[in-house]
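Colleague: Here is how the chains run, residue by residue.
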Amino acid sequence: MWEFLDSIENSAFSSYVRDTPSVLGYSTVLALHTFGMAFLVGLSGVIALRVLGVVPQLPLKPLKGLQPLIAAGFWLNAVTGLILTSLAIHALLRNWDFYVKLAAIALAIVALQKMRRYAFGETSAPDDAAASPRARFWAAAMLLFWGLAVLGGRLTAYATNIRIETARAVLVAVVLLLIVARYLVRRANRAVVEVRV
Amino acid sequence: METFLRTWLEWPSVAAFVARYTWAWPLGETFHFFGIILLIGGVGLFDLRLLGVAKGLPVATARRLLPWGVTGFILCVVTGFMFVAGVRANVPASPYDVIKSNPWLQLKFLFIAFAGLNLLTFYLTGMDRAVDELGAGDDAPRLAKVIAAASLFFWLGVIYFGRLIPEAL
Numbered sequence: 001m002w003e004f005l006d007s008i009e010n011s012a013f014s015s016y017v018r019d020t021p022s023v024l025g026y027s028t029v030l031a032l033h034t035f036g037m038a039f040l041v042g043l044s045g046v047i048a049l050r051v052l053g054v055v056p057q058l059p060l061k062p063l064k065g066l067q068p069l070i071a072a073g074f075w076l077n078a079v080t081g082l083i084l085t086s087l088a089i090h091a092l093l094r095n096w097d098f099y100v101k102l103a104a105i106a107l108a109i110v111a112l113q114k115m116r117r118y119a120f121g122e123t124s125a126p127d128d129a130a131a132s133p134r135a136r137f138w139a140a141a142m143l144l145f146w147g148l149a150v151l152g153g154r155l156t157a158y159a160t161n162i163r164i165e166t167a168r169a170v171l172v173a174v175v176l177l178l179i180v181a182r183y184l185v186r187r188a189n190r191a192v193v194e195v196r197v
Numbered sequence: 001m002e003t004f005l006r007t008w009l010e011w012p013s014v015a016a017f018v019a020r021y022t023w024a025w026p027l028g029e030t031f032h033f034f035g036i037i038l039l040i041g042g043v044g045l046f047d048l049r050l051l052g053v054a055k056g057l058p059v060a061t062a063r064r065l066l067p068w069g070v071t072g073f074i075l076c077v078v079t080g081f082m083f084v085a086g087v088r089a090n091v092p093a094s095p096y097d098v099i100k101s102n103p104w105l106q107l108k109f110l111f112i113a114f115a116g117l118n119l120l121t122f123y124l125t126g127m128d129r130a131v132d133e134l135g136a137g138d139d140a141p142r143l144a145k146v147i148a149a150a151s152l153f154f155w156l157g158v159i160y161f162g163r164l165i166p167e168a169l
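Line by line, the protein sequences are chains A and B.
This note's numbering applies: residue 1 is where the first sequence begins, and numbers increase by one.
This note's numbering applies: residue 1 is where the second sequence begins, and numbers increase by one.
The set of hints was computed from the structure by calculation and includes no laboratory data.
Treat the hints with care, as some may be off.
As the list claims (entries may be wrong) - Ranges of calculated distance between the beta carbons of each label pair, as one might list FRET restraints:
(1) A:96 - B:4: 29 to 35 Å
(2) A:75 - B:143: 40 to 46 Å
(3) A:2 - B:138: 56 to 62 Å
(4) A:140 - B:139: 41 to 47 Å
(5) A:140 - B:74: 20 to 26 Å
(6) B:78 - A:113: 33 to 39 Å
Using N, Cα and C, we set each Cβ at its ideal position, and we do this for glycine too.
Go ahead and model the full structure; you've got the sequences and the hints to work with.
Modeller: Here you go:
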């Protein structure tokens, strides 16, 4: 098994991407991985914000049109993720944080599919209707798992004590930002309602 | 001028903070990524709608996402400032020297400026008002599409050059 993984890690392709002085190697694959993340998480996050009622003015059904780009982001991430993994298979497979990241991605994808099914499946509901509690549950779960996946990805290169300290700091910062965001969103939505009245 | 910039750009307190609290740098990286996600989710979606993606969205409602994109940009600016001002915590170089010598960082700044000018063009040409009238299924004017495509190109360029910065550190 390890011999097989060795052969991948030391293949001509992996060696080129890892060792080439050209910016078209490792850094470009990393940049493409970031593009994929931005489209996958950013656009599916927009659907989640609508489902959760944070941006209630957005009609839900047209957001279905984002699905091809969300899928493209996923596949771009899958391919570049496999390439990046092949560059350091040994180190990554011995890194518990890598498994946390993979598990978070898998759970986020499951939550995304469930959210889509419940949010877009209610075909008879009017476009401005609030999403069902099940759709909202999966939207919140998806955002949580995406956040964990991004955090896990950033922390792969750090030591365990730094990972734990950072995870605590991120949790505190996210809670504080969510409190501020909740206040601002409520104020903005109230202003929209007042303008309509 | 150089002395002024060297002094102004170097924030020993930021470098000291990053060196003392080992979670500060990865926290900044994580929020930089959250910022990128918000930027593409907000500004990117608006650009995509003008280009004809999710055409059923009235443009005025897609505009409701722009504050989220702006929030993402602010997160990236704040954390990006921390990376530059606190660079000495990670590499033995002053922020001034890094800005002066790193072509990828310079290109990143240039593309942020281009994205800003592009946004200015959107408002100065009256496209912001023209697209606000677009309902579900309506096509955006050609100029609005060009500006939207340029916006996506510049922001993806900003992300790309940002990823290349460590190559020249």
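Colleague: Does each hint fit the structure? Answer for all of them.
Modeller: Going down the list of hints, with the structure as the test:
Taking 29 to 35 Å as the suggested C-beta distance range, the pair residue 96 of chain A and residue 4 of chain B does not conform, at roughly 48 Å. The beta-carbon spacing between residue 75 of chain A and residue 143 of chain B, approximately 32 Å, falls outside the hinted interval of 40 to 46 Å. Look at residue 2 of chain A against residue 138 of chain B: about 58 Å separates their beta carbons, and that is inside 56 to 62 Å. Checked against the hint of 41 to 47 Å, the C-beta distance between residue 140 of chain A and residue 139 of chain B comes to roughly 35 Å, which is inconsistent with it.
A C-beta distance of roughly 24 Å is found between residue 140 of chain A and residue 74 of chain B, which places it inside the suggested range of 20 to 26 Å. For the hinted restraint 33 to 39 Å between residue 78 of chain B and residue 113 of chain A, the CB-CB distance of approximately 34 Å keeps it satisfied.
Checked against the numbered hints above, the structure violates hints 1, 2 and 4; every other hint is satisfied.
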